[in-house]
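There are 6 protein chains.
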Amino acid sequence: MSTWTHVDQTGQGVRMVDISAKPVMRRRAWAEGHIRMSESTRRHLQTQGSPKGPILETARLAGIQAAKQTGSLIPLCHPLSLDEVRLEFEWTDDGLRVEAFVQAEARTGVEMEALTAVSVACLTVYDMCKAVDRSMAIANIRLLRKEGGRSGQVQLGEPRLIRPLDADV
Amino acid sequence: MSTWTHVDQTGQGVRMVDISAKPVMRRRAWAEGHIRMSESTRRHLQTQGSPKGPILETARLAGIQAAKQTGSLIPLCHPLSLDEVRLEFEWTDDGLRVEAFVQAEARTGVEMEALTAVSVACLTVYDMCKAVDRSMAIANIRLLRKEGGRSGQVQLGEPRLIRPLDADV
Amino acid sequence: MSTWTHVDQTGQGVRMVDISAKPVMRRRAWAEGHIRMSESTRRHLQTQGSPKGPILETARLAGIQAAKQTGSLIPLCHPLSLDEVRLEFEWTDDGLRVEAFVQAEARTGVEMEALTAVSVACLTVYDMCKAVDRSMAIANIRLLRKEGGRSGQVQLGEPRLIRPLDADV
Amino acid sequence: MSTWTHVDQTGQGVRMVDISAKPVMRRRAWAEGHIRMSESTRRHLQTQGSPKGPILETARLAGIQAAKQTGSLIPLCHPLSLDEVRLEFEWTDDGLRVEAFVQAEARTGVEMEALTAVSVACLTVYDMCKAVDRSMAIANIRLLRKEGGRSGQVQLGEPRLIRPLDADV
Amino acid sequence: MSTWTHVDQTGQGVRMVDISAKPVMRRRAWAEGHIRMSESTRRHLQTQGSPKGPILETARLAGIQAAKQTGSLIPLCHPLSLDEVRLEFEWTDDGLRVEAFVQAEARTGVEMEALTAVSVACLTVYDMCKAVDRSMAIANIRLLRKEGGRSGQVQLGEPRLIRPLDADV
Amino acid sequence: MSTWTHVDQTGQGVRMVDISAKPVMRRRAWAEGHIRMSESTRRHLQTQGSPKGPILETARLAGIQAAKQTGSLIPLCHPLSLDEVRLEFEWTDDGLRVEAFVQAEARTGVEMEALTAVSVACLTVYDMCKAVDRSMAIANIRLLRKEGGRSGQVQLGEPRLIRPLDADV
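Protein chains in written order, with this note's numbering: chain W, 20 to 188; chain E, 20 to 188; chain C, 20 to 188; chain V, 20 to 188; chain X, 20 to 188; chain U, 20 to 188.
Keep in mind the hints are simulated off the structure, nothing from the lab.
Note that beta-carbon positions come from the ideal geometry of N, C-alpha and C, so glycine has one too.
Heads up, some of the hints might be wrong.
[Stated by the list, open to error] Stretch-level coverage of chain U by chain V, calculated; a stretch enters the list once three of its residues show a Cβ under 8 Å from a Cβ in chain V:
(1) 90-96
(2) 112-123
(3) 134-148
(4) 151-157
Next comes chain W alone, as it looks inside the complex (with noise of 0.2 Å):
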């Protein structure tokens, strides 16, 4: 039995939550970020499309498919599996704004999803326009709203683009 003493110590380690007893339930997330760009690339970019191709089909594909893999990206992440994943775009006064919404059902938050998405979106929109602008930033990815989990309802910003009541119906 003594064995299990110094069990507390080399616990300390990181860890995976264990997420056995939590309820599974319908969990929600939206997310946010921002690429900073000149005014003179945002323009070049609206009419013009980026040196590789289009750049917010792009984007949402990578962002999508990269919500899908946070649980390999992120290492102390579960893979969940995924009922959505949307991802939209807004031009700004500075460059473009991003926001994602994931929604599963599952024993944990999908919050890590959806701030995955929109790193790895904004991160495939900074590659597509690298060429063109090189003072480009990543800027203000943050979590907006999420449903679903012992805290209910948590809402830090407001989502712009996807809105709540659309993941209802």
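Starting from the known structure of chain W, fit chains E, C, V, X and U onto it as the hints suggest.
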């Protein structure tokens, strides 16, 4: 509220269909594919094997593993936990015929998994034989049968090597 | 020394061919594939797009990404660093034709990469259109042309959308 | 009907076992593995760390991530959604001992996930220490205990660092 | 010949840039990123660590592994063999700063690899700390410096933790 | 300038060794591993095969594919383009022995690739036989021989199934 009005427009991009409202059901799919080769090649392979080793077992494994990767290979597919993947082969007059069967309990069908299994099995046969015959072609990859889902049973062709009854045992 | 005598027998298994003695050369490959669909489906897709969004760009990206994964999808392929992957499409009387071009500087050819790009692009089109037409089939996936390697240039068919001259620029 | 007669023969190939009829149950598995090294190496590592940085945390993460990839690494394994992966380490007289615990709610057991976690953790330790000691060996990777499934609880050895009671909390 | 006339039109799709004519050169890139968090969170993490275990080592490993996956994460990136990936961290007034350095001998630059390393390291920190602080945001991911390639050395910001001279040793 | 003084301290984390200054050379490695099983199991497998189908070919393929994934499985390994991966098997008194050989032209050695091939081949055999024998163990995975690199040829054991001379042909 008017923020949402342009959702429909921005929402025209690629989408991973929302399956959250679909029921979890037993889903099954059968698919087939063919590799055409010259008669001398086919006879050579049947008697001497391929230059890279045993063809059928290698193609079978490649197909099984590819079925499990469908969710990352096909951009808008949902990743699914498969309960069974099975591939069988038969020599035909003009080459080889591959049949695949996949089943899962899921919110969406498994036909893409069966078609992916068949396609990668065919590519693997091609790879193993290309030193012998350069004029091979992969042909007629199609869905044969599908069970589960709103549309119930769909029969487009006849599975010949993996019979539906087997699956019910 | 007699230890080695049964090598030949045990050596009959699958093998990843030893390419260490082959020269590093510029390798190029062109491949094609087709998706057959009903005329009404094809017209619907041309005018209204697919239920899952823009077809051609999605299939193109799926094909590019699959080409890069060939070394893990096809068990006995060598993983290669590709210099270029390109996919083009044209509507045909009975559906869609996909053409892929791949090039690399490598010890082995890139035909499997081109064929894999074509196959996964076809599967992606199938996935995006299957809600509209269940009777589609993927057909005639084959190598068109190959450059580099011991056998020099091999011409099996005519690339129509990505011309060899382009590649030389 | 005679079409089916040769199924049995062609059906002798590799197969991913059909688990569709098995009940979804809580499955748990414990496994262990060892890395033997010289005493001087072990002491060096304990006091100075490995040439590539902190050993135990790196091996832990590699083991966790590998457990999640088991379904694609081991050809006939079913991909599972894991609820928890845990790895603990202890220094022994002749090196290091790794213990892994995995749990999931699934139709099939998780022993391959635990064994894969242990194996990749051992390979990672090897990789981080190989500049110091070339004569290391990985030894005695085995299943310790298994819960869930038709056969109920199976005890082959004694988990020392991750006690079964912990798992039940 | 007229077959080729519509190439230009169909050729407007996404493309993996042809790098076959670019010289193989030593390529280096430095990038940075930030995670903003509340001061109490930052102090908590510095003294007590994250709820999921040691943060910095975990984020470092996630960043290293993500850099190696850049070619499959970012759709139009070329897969490269990296010679070195390095990540360093420093605590700042409003959170944590991540710096990444990547080098390779390749036909194209490694800035996407450095930016991907930084992004995934930031996501990993977020994941490990989200139980403590929900209002974190990932900010200002950008390229700092780039060496190799047609444009020679490009300096956009100052690497602070991984100095250029180190790289030359 | 003083900014750099704490680099050494922050630099204590895990690191992917910088191999940029190492010469590109022909690298080869041989490794071995064992699976211990009861005599009755071994005889059963030799005469009747495993419950999941042909063991050796499946394990061989799993080993080949794992070798190609070494750079993503083992966190600090460099991804390498392998020229050849070969696995051979022999039945022993207490089970099965696996031998792997890997070669590449690279800046760093391929021993981790050979050890990973052996480990995953052993895990695959375990997976295919676990329904027959639960008391199997994987044992004595170690490097046998290594060629190329600063230290020249290193001989730790005797390859028995894949002889060094073969490799030179």
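Margin query: Flag every earlier hint the structure violates by its number, smallest first.
Written below: 2
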